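Visitor: Chains as they are written, first to last, in the working numbering: chain P, 1 to 208; chain L, 209 to 363.
Honestly, I wouldn't trust all of these hints.
[Said to hold, decoys possible] Listed below are several chain L residues computed to face chain P (Cβ distance under 10 Å; list not exhaustive):
| no. | residue |
| --- | --- |
| 1 | Tyr258 |
| 2 | Ala357 |
| 3 | Glu362 |
[As the list claims (entries may be wrong)] Which chain L residues stay away from chain P? Per the calculated CB distances, all over 12 Å, these:
| no. | residue |
| --- | --- |
| 4 | Glu236 |
| 5 | Asp237 |
| 6 | Gly250 |
| 7 | Thr275 |
| 8 | Glu292 |
| 9 | Pro299 |
| 10 | Glu314 |
| 11 | Gly316 |
| 12 | Pro336 |
| 13 | Pro352 |
[Said to hold, decoys possible] Here's a subset of chain L near chain P, in silico, CB distances under 7 Å, partners left out:
| no. | residue |
| --- | --- |
| 14 | Gly255 |
| 15 | Thr270 |
| 16 | Gly293 |
| 17 | Pro315 |
| 18 | Ile356 |
| 19 | Arg359 |
Treat the hints as calculated values from the structure; they're not laboratory data. The structure presented is a predicted model; accordingly, all values stated were derived computationally and were not measured. Ideal Cβ placement from N, Cα and C applies to all residues, glycine included.
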Amino acid sequence: MRRRAILGYGAAGVGAVALMLFVGWWQVDGPGGPESVRQRPVALTEMDFRLTDHEGNAVGPETLIGRPTMAFFGFTYCPDVCPTTLSDISGWLDDLGDEADEMNVVFITVDPERDTVETMAEYVGYFHPAIRGWTGPEEQIARVADGFRATYERVPTGSGDYTMNHTASVFLFAASGRFVTMIDYHEPREFAVPKIHRALEEEMEGAT
Amino acid sequence: MKKYILTGTLAALLTLGGLSVPALAGPEDVVVENAWSRASIGMNRPGAAYMTIRNTGDEPVTLIGLTTPLAMMPEIHETKTNAEGVSSMSPAGEIAIAPGESVALEPGGLHAMLMRLQEPMTEGDTFPLTLLFDDGGEVTVEVPILGIAARGPED
Ligand SMILES: [Cu+2]
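With the rest of the complex left out, here is chain P (with noise of 0.2 Å):
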């Protein structure tokens, strides 16, 4: 079994450096729930990652830059979590409008090994037309993770079979490419278009 933890939240986690990170956050960003110990992804420019399209483009972090991006993780063979924030993400872009047409919108997949280019291109091609799904070779799904401060995990489901635990965090970033914020999946559903109007005037306020 494959096993990945980027995040180093082991044992020595739990300790100061958590603590200090909770109050860091704390006091930046006010009170919160539990995600409050959570590393924040990095900024677009500082990710290195190589990626194909699902229409068999080459894309990498610099793909984002220049529009404001809504990124999100998952995989093709996710019965539950992942069919559902793609339904969400294509309400809030629906909710956007023309709006929509400003931003990147894209489906990271964490299994690489099922999901080749057709597949990303077969299952976003049920969703927005604006989705779209980004796959390729293992070691670069693991570049993009470590740079949004993801993580996922192979998990057998018993008869050979396996899914994936994954970050299932929508992630915003401002067209500069700076993290914004993210829609985390447990919170209301009704906090995400302002959340994403935050991603989208932060562009406006770069531009100006």
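With chain P held as given, fit chain L with the ligand onto it using these hints.
Guide: For chain L with the ligand alone, kept in the frame of chain P given last:
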């Protein structure tokens, strides 16, 4: 529009009403409402079905398993999202429903995980899903198959 409500294993919610799928057989105290599922791409991927299971009787009931001709390995699963935002799924075990309470199987929480599909799940079709209870009772519901991007029973 009905919003998703996350539940823990033991969280019992009052049902919000809506479409009612009649139980075909079994304990008449168990009412299953708002059953739905998403279409599958082929047969290699697991499916998921959702519903509200309401105990209208005076005695607790305990859901212990599922059977369906659609899938060789149907299981009640629970999706959990931890403090780091990582989602995982695992078998939920037995689910007790107190008298007058209900349990919601809905996206991001409990779901009927349909592993090893025997045929593709096609939008517009339905399939029978039988809920097994610890007293030997069974309730079978016809679950409508909605589109892959469906968000709830009304889609
Ligand atoms: Cu499951």
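Visitor: Does Ile356/L pass the interface hint, meaning its C-beta sits closer than 7 Å to a C-beta of chain P?
Guide: Where the cut-off is 7 Å and the nearest Cβ of chain P is about 4 Å from Ile356/L, the hint holds.
Visitor: Grab the minimum C-beta distance from Arg359/L to chain P and call the hint holds if it beats 7 Å, violated otherwise.
Guide: Holds. Min distance 5 Å.
Visitor: Please check whether the beta-carbon of Thr275/L is more than 12 Å away from every beta-carbon in chain P.
Guide: Per Cβ check, Thr275/L is outside 12 Å of chain P; nearest 17 Å; holds.
Visitor: Checking the smallest CB distance to chain P, is Gly316/L really beyond 12 Å?
Guide: violated (6 Å)
Visitor: Tell me if Thr270/L is really an interface residue toward chain P, meaning its C-beta lies closer than 7 Å to one of theirs.
Guide: Violated. Min distance 23 Å.
Visitor: Just double-check Asp237/L for me: nearest Cβ-Cβ distance to chain P has to come out over 12 Å.
Guide: holds (28 Å)
Visitor: Can the hint on Gly293/L be confirmed by a CB-to-CB distance to chain P that is less than 7 Å?
Guide: Because about 4 Å separates Gly293/L from the closest Cβ in chain P, which is inside the 7 Å limit, the hint holds.
Visitor: May I ask you to test the interface hint for Gly255/L with respect to chain P, counting a Cβ-Cβ separation under 7 Å as satisfied?
Guide: holds (6 Å)
Visitor: Holds or violated: the hint that Ala357/L contacts chain P, with Cβ atoms closer than 10 Å.
Guide: holds (4 Å)
Visitor: Is the Cβ of Gly250/L more than 12 Å away from each Cβ in chain P?
Guide: Violated: least Cβ distance 9 Å, not greater than 12 Å.
Visitor: Minimum Cβ distance from Tyr258/L to chain P below 10 Å?
Guide: It holds, given that the least Cβ distance between Tyr258/L and chain P is near 9 Å, below 10 Å.
Visitor: Find the nearest Cβ of chain P to the Cβ of Glu236/L and say whether that gap is larger than 12 Å.
Guide: Holds, since 30 Å exceeds 12 Å.
The earlier numbered hints that this structure contradicts are 3, 6, 8, 9, 10, 11 and 15.
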